[in-house]
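**Student:** One line per chain: the protein sequences are Y and V, in this order.
Read left to right, the first sequence gives residues 1 to 539 (the working numbering).
Read left to right, the second sequence gives residues 1001 to 1193 (the working numbering).
By construction, these hints were calculated from the structure, which means they are not laboratory data.
The C-beta atom is built at its ideal place from N, Cα and C for all residues, glycine as well.
Wrong hints could be hidden among the right ones.
Said to hold, decoys possible - Have a look at the derived ranges for each label pair, beta carbon to beta carbon:
1) Y:Ala444 <-> V:Ala1131: 53 to 63 Å
2) Y:Asn349 <-> V:Ala1043: 27 to 37 Å
3) V:Gly1041 <-> Y:Glu447: 48 to 58 Å
4) Y:Gln413 <-> V:Ser1127: 39 to 49 Å
5) Y:Arg396 <-> V:Lys1108: 48 to 58 Å
6) Y:Gly531 <-> V:Gly1041: 27 to 37 Å
7) Y:Gly91 <-> V:Ala1157: 23 to 33 Å
8) V:Ser1127 <-> Y:Glu438: 38 to 48 Å
9) V:Ala1131 <-> Y:Gly187: 53 to 63 Å
10) V:Ala1157 <-> Y:Ser500: 54 to 64 Å
11) Y:Glu85 <-> V:Tyr1165: 21 to 31 Å
12) Y:Glu505 <-> V:Ala1126: 19 to 29 Å
13) Y:Thr72 <-> V:Ala1157: 35 to 45 Å
14) V:Ala1043 <-> Y:Asp283: 16 to 26 Å
Unchecked claim - Not close to chain V: a few residues of chain Y, all C-beta gaps over 12 Å, as computed:
15) Gln373
16) Gly489
17) Gly518
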Amino acid sequence: MAHRCLRVSRTCITLGLFLMVVCLARPSAAAWIDPLTPEERQGRNVYHYGEAGSTDHVGVNLQGVEGALPPTLFRCAGCHGPRGEGTQEGGLRVPPLTPSVLRHAREGPSVGRSRLGYTDAALANAITQGLDPSGHALHPSMPRYHLTSDQVAKVIAYLNRIGEESDIDPGVSADAVTIGAALPLTGPLAQIGQDVAATLRGAVRRLNQQGGIYGRYIELIVEDSRGEPGQTALAVSRLVEIHQVFALVGSFEPAGEGRTRERLAQSHVPWIFPLTPSPQLSDPPNSSIFYALPGFDLQFRSLVDFFVSRTIPLTGTSHPRLALVHRNGPSNAEALRGALEQVRRHGLNLAVNYEYSVGRLAVLALVAQLEQQGVDAVLFMGDGEDLVSVAQELDRRGMSPIVLSAIGMVGAQARAVPSGLHSRIFLAAPIDLPTEREVASLRALSEQASLSSVGFARLAQGAVSLLAEALKQAGRSLSRQAVVHALEGCREQDTGAGFSVTFGEHHRLGRVASKVVGLMPDPPYVSPVSGWMVPEGEP
Amino acid sequence: MMFRCVPFAMIVWLCSAHAAPAWSGVTPPSVPDVEVIDQDGLAHRFYGDLVKGNTVVINFIYTTCQSSCPAATGLLSGVYHRLRAAERSVTLLSVTIDPVHDRAARLKAYAAQFGAGKGWYFLTGASADVARLLAALQVSVSNKADHPAIVVIGNDATGTWTRLYGEVSVPMVMDSLEAAAGWPAPISSSVSQ
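Please build the complete structure, drawing on both the sequences and the hints.
**Tutor:** Here it is as structure tokens:
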């Protein structure tokens, strides 16, 4: 960061205001200016996240407990509150740490034990030894921290600023919130990346034209991820560490990429709607990442439910023989897991389990096997091209099993299957197909004549509108935690992009239900054949 | 379903200026034999498999709680390490009060952060079963964030039970354990400090 304010906060805010004017005139090159000194910021990280930077370790002990405890579970903020206001939970009363309380003597007994006001040295004793200024041992729940004297000094420096207006998360200033997106602006996915970037910019522009949120403009920074895992991780770290963005919207998450997520978990940056065909949720979920749509695991579970409840009669048997045809790869692993779970749940008969690698689908052998095994239905996990080859061979042999797959896998190419099989193909869709009007308004928003991926563009549009909603809910005194909390409160929240989402304290996936669509020979080529289906076994 | 009545001994603690009032139960609660699941996903009968004939320390947590549960679990980890060093066989039971969300995998991750190993179970189960357990141990959780900090210490063999409230420290737990288990030498002083 180029600018650091080393003096009092008022100077910073004035400077901030001044720079904002400059920035508004030149919207491309704004940099967030930290009103805290680097020392105070580092102290703040210890206080809020139990982290003293990537190299230094925070050690935690409880009185009478040998062995270190996890610093991220013993964050000062967890007990003393995000603004040092103190907390009360489960019978544990934790005192406030604001300067006005700490620096003054306390008279007991109505407010606890009496003690003198804290000096810096006394504070260091409290944090590292668990002693108050009068030399009394503090409550055993107050941990003893093993920090270098330098780290202690930083925490104390931060405690002098806690709860002030300058005590803010990165990316927030008096009149702007900086957000970021990592998108493939170059490389094979560049067209999609450019379209999504244009959509995000359009959505942000519209918000700003309406006056921003609580008088703050939204500023969007897009970094090129070049569509590959290593570069995505780098782009995200540039956004978080150099541009100091407050939140991420709609960035790409390449399949199987764990590093990006880890980095974000460490920095607690809210990330709304990662663009991914199939979210990978951990348990417990990463608390700052909010996914929009169900992954292939949930989609295939809904498909199997649909098969059981609606299409078994079409097979002419009450004990249909199923085939699983799947291309290997990480996103299909999810689909496979979901499908198998549901096949087991319904006690279905799996007659064929056929796996192939990219470009290695032996169509003739596969279809021969399906015929020989008398398969009634195929669960297909591969791309559109593969689906079409299989369908053509089925058609040539006069076979017409039910074929179940997902629109997100086979895409628009599915339209090329022989028309004789149209009525036998059912595809899971995690979102309603866009209406003509919706597509037109997306084009207008992004100022693009055509969009290479309407699906991702809708996610991007939804991400910005959900962020705007969360910022409104979080209020003028903005923090990442408040935004996460506001997002957790979303119940059937409309995203303005043709779908609504529900989150909760433990829920980081906006939707779990899928629809099933069938193929038609004419535009719009697909039409829904089911309502929204929550897979059996989901709460 | 099997029930087992355990008399709670009335022990009043007057340890320090902030010692909270000790529980002085009038009705002896029973420990229900409900099915619980530990952090490895294994099912146990709460009374029959975990409590019967044992000396136990029981506390109540949930993994998303911010202040009191890390403190309470940290405290138990202190007790756990001392017991191991002294080679005392005591079973530690940390029961989630949020069984719907704290499933085995989540409890496992939580337990690992505190170095929990053999003899320290983090327990969840069906909501109704956990609710019965909490009711029997007289832990009221009408509001998750308000759950009282309670440590229950018991020796099923002798029927000696104690509840510690509020500002509990490792030595306090060790002292009650000593009293409950009837150990000859005071291990809290020999192993601590």
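**Student:** Next, verify each hint and record whether it holds.
**Tutor:** Hint-by-hint comparison with the structure:
no. : hint                               : result
1   : Y:Ala444 <-> V:Ala1131: 53 to 63 Å : 54 Å, holds
2   : Y:Asn349 <-> V:Ala1043: 27 to 37 Å : 30 Å, holds
3   : V:Gly1041 <-> Y:Glu447: 48 to 58 Å : 53 Å, holds
4   : Y:Gln413 <-> V:Ser1127: 39 to 49 Å : 47 Å, holds
5   : Y:Arg396 <-> V:Lys1108: 48 to 58 Å : 52 Å, holds
6   : Y:Gly531 <-> V:Gly1041: 27 to 37 Å : 35 Å, holds
7   : Y:Gly91 <-> V:Ala1157: 23 to 33 Å  : 30 Å, holds
8   : V:Ser1127 <-> Y:Glu438: 38 to 48 Å : 42 Å, holds
9   : V:Ala1131 <-> Y:Gly187: 53 to 63 Å : 55 Å, holds
10  : V:Ala1157 <-> Y:Ser500: 54 to 64 Å : 58 Å, holds
11  : Y:Glu85 <-> V:Tyr1165: 21 to 31 Å  : 25 Å, holds
12  : Y:Glu505 <-> V:Ala1126: 19 to 29 Å : 20 Å, holds
13  : Y:Thr72 <-> V:Ala1157: 35 to 45 Å  : 39 Å, holds
14  : V:Ala1043 <-> Y:Asp283: 16 to 26 Å : 19 Å, holds
15  : Gln373                             : 36 Å, holds
16  : Gly489                             : 15 Å, holds
17  : Gly518                             : 37 Å, holds
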